[in-house]
Amino acid sequence: MRPPLKRNKILIMGVTILLVLSLNFFQKEVKNFFYLISFPIQKVLWQAGDRTSSFFEIIVEIKELKTENEKLKLKIQELLSENTELKELKRENEDLRKALEIDLKKDFKLILADVSGKDALEDSVLINKGLKEGILKDFPVITPQRTLLGKIDEVYENFSRITLISNKNSSFNAKIITADNGVLGVVRGEGNFRVIFDLMPREATVKEGSSVVTTGFEGIFPEGILVGEIKKIEKNDVTPFQRAKVEPAFNIKELNAVFIISDF
Amino acid sequence: MRKILILAILFYILVLLQTSFLVHFNIFGHVPNFILLLVVVLSISEPPTIFFKKVAGGENSGVWGAVFGGFFLDIFSSGPIGFQILIYTAISIFIKLILKKYLWINILKTKE
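Quick note, the sequences are listed as chains A and B, same order.
Going by my numbering, the residue at position 54 of the first sequence is 54; the numbering climbs one at a time, nothing skipped.
Going by my numbering, the residue at position 67 of the second sequence is 67; the numbering climbs one at a time, nothing skipped.
Rather than coming from a laboratory, the hints here were simulated on the basis of the structure.
Among these hints, one or two may not hold up.
Said to hold, decoys possible - Calculated pairs, BS3-like style, for lysine-lysine (alpha carbon to alpha carbon, straight line, at most 27 Å):
| # | chain 1 | residue 1 | chain 2 | residue 2 |
| --- | --- | --- | --- | --- |
| 1 | A | Lys-9 | B | Lys-101 |
| 2 | A | Lys-168 | A | Lys-245 |
| 3 | A | Lys-232 | A | Lys-207 |
| 4 | A | Lys-9 | B | Lys-3 |
| 5 | A | Lys-66 | A | Lys-231 |
| 6 | A | Lys-137 | A | Lys-106 |
| 7 | A | Lys-137 | A | Lys-168 |
| 8 | A | Lys-71 | A | Lys-87 |
| 9 | B | Lys-100 | A | Lys-98 |
All of these numbers come straight from a predicted model, not from anything done at the bench.
Please model the entire structure based on the sequences and the hints provided.
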C-alpha cells in the first residue's frame with residue numbers, strides 16, 4: 001500500500017486536472033469573467049505601450065524624418081489633386097446613378113471598440129465589445145483609417161476576439177489595383193503580422209507599391225477596402241503562380257480603436 | 001501557500017504585460033515571451049525536488065509558475081484552457097528531471 005500522503009497528493013492533482021479541463025465547458029463565461037476584471041489594467045497597459053513605443057520609434061527615426069517629411073509633402077500634393085478629381089467623379093457617379101435609378105452605395109454601419117490585448121500565440125486581438133452590443137461571428141473589422149484589420153472570430157458576453165488578416169487561418173479574395181482591370185488573387189496570413197498575396201497568374205505584371213483591396217467575393221468583407229501594399233514579388237519558374245509579400249495597411253503598434261462593420 | 005499565491009499574482013501581471021504592453025515592442029514581428037523565460041529561470045535556479053516532495057531543500061515554484069503562467073496565457077488566447085498549462089508544466093518538469101538526474105549548480109546563492 002502507498003503512504004497516505006502520496007495518495008492524497010495524487011488525488012489533489014487528479015481533481016485539479018479535472019477542474020481545469022471542466023473549465024472548458026464554460027470557456028466563454030470563464031474567459032469573459034477574466035477579461036472583465038482585467039480590462040481596466042489592460043487598457044492602461046495598452047495605451048502606455050503605445051506611447052512608449054512611439055517615443056522610442058521617434059528617437060530611432062529622427063535622422064530620416066526630414067527626407068520622409070519632404071516625400072510625404074509631395075505625396076500629399078499628389079493625393080490632393082487626385083482627391084479633387086475623384087470627388088468630382090463621385091458627384092457625377094451619384095448623379096448618374098440617380099438618373100438611372102440605381103441604388104446609391106450604402107455607407108457601413110459601424111460599431112466602435114477599444115483594443116485591450118493581443119493573443120500570446122496567434123495573430124488575434126481582443127476588443128471590448130461583444131454579444132451585448134450586437135456583435136456576431138464573421139463581422140469584418142476595419143481600422144479608423146478604413147483599412148482592413150480582420151474579422152470577428154469568437155464572441156463573448158462583453159468581449160470578442162478578432163482574427164487579424166495576418167493570422168495563419170485567414171485567407172480571402174483580393175485584387176491588386178493596376179492600370180487596366182486589376183489582378184485577382186488570394187491574400188493569406190503567414191503569422192507574426194506577415195501577409196502574402198498568393199495565386200497570382202504568372203503572366204500578370206504587377207509593380208511593387210501597388211495597392212491591394214478586397215473584392216468581397218466570399219461575402220465576409222465588403223468590396224474595395226484597402227488591405228495593404230505589394231512589397232516584394234516572388235516569381236519562380238517551377239510554380240504555376242506568382243506570389244508577393246504584402247505590407248499590411250494596419251500597424252499593430254499604433255492600433256487603439258477599431259470599427260466593426262455590422263451592416264454593408 | 002503564501003508563495004503559491006504570490007506566484008499566481010506575479011504570473012497574472014506578467015501575462016497582462018505580455019499581451020497588452022509588450023505587443024508594442026515586437027522585434028521583427030516576434031513578441032518576447034517572458035512567461036517562458038521566467039519559468040525556465042525558476043526551474044533552473046531552485047534545487048530540484050524528488051517527485052514534488054520537498055527533500056533536501058527542493059522547491060516547486062518553477063512548476064507552480066508554469067501552471068499559473070500557462071493558465072493565464074490560456075485565458076488570454078483563443079485555444080482551449082489547459083493547452084499551454086500542459087506545455088509549460090512539461091517544460092518545467094523536464095528541466096527539473098534533467099537537473100536532478102545529472103547536475104544542479106546553485107547559480108543564485110553564493111553560500112549555503
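Keeping to a limit of 27 Å between CA atoms, is the pair of A/Lys-232 and A/Lys-207 held or broken? OK: A/Lys-232 and A/Lys-207 at ~9 Å, within 27 Å.
Taken at face value, is the distance from the CA of B/Lys-3 to the CA of A/Lys-9 at most 27 Å? Status holds; Cα separation ~18 Å.
Is the hinted pair A/Lys-71 and A/Lys-87 satisfied, with a Cα-Cα distance of at most 27 Å? holds (24 Å)
Hint check: B/Lys-100 vs A/Lys-98, CA-CA at most 27 Å. Holds or violated? violated (81 Å)
Are A/Lys-66 and A/Lys-231 close enough, with their CA atoms no more than 27 Å apart? It holds: about 23 Å lies between the C-alpha atoms, which stays within 27 Å.
Distance restraint between A/Lys-9 and B/Lys-101, which requires alpha-carbon spacing of 27 Å or less: Answer holds: A/Lys-9 to B/Lys-101 is near 23 Å, not above 27 Å.
Straight-line alpha-carbon gap A/Lys-168 to A/Lys-245, limit 27 Å: With Cα atoms ~14 Å apart, A/Lys-168 and A/Lys-245 stay inside 27 Å; holds.
Below or equal to 27 Å on CA atoms is what counts here, so check A/Lys-137 against A/Lys-168. holds (18 Å)
Pair hint outcome, A/Lys-137 versus A/Lys-106 [Cα-Cα no greater than 27 Å]: Distance ~22 Å between A/Lys-137 and A/Lys-106 Cα, so the pair holds.
Hint violations for this structure: number 9 only, all remaining hints satisfied.
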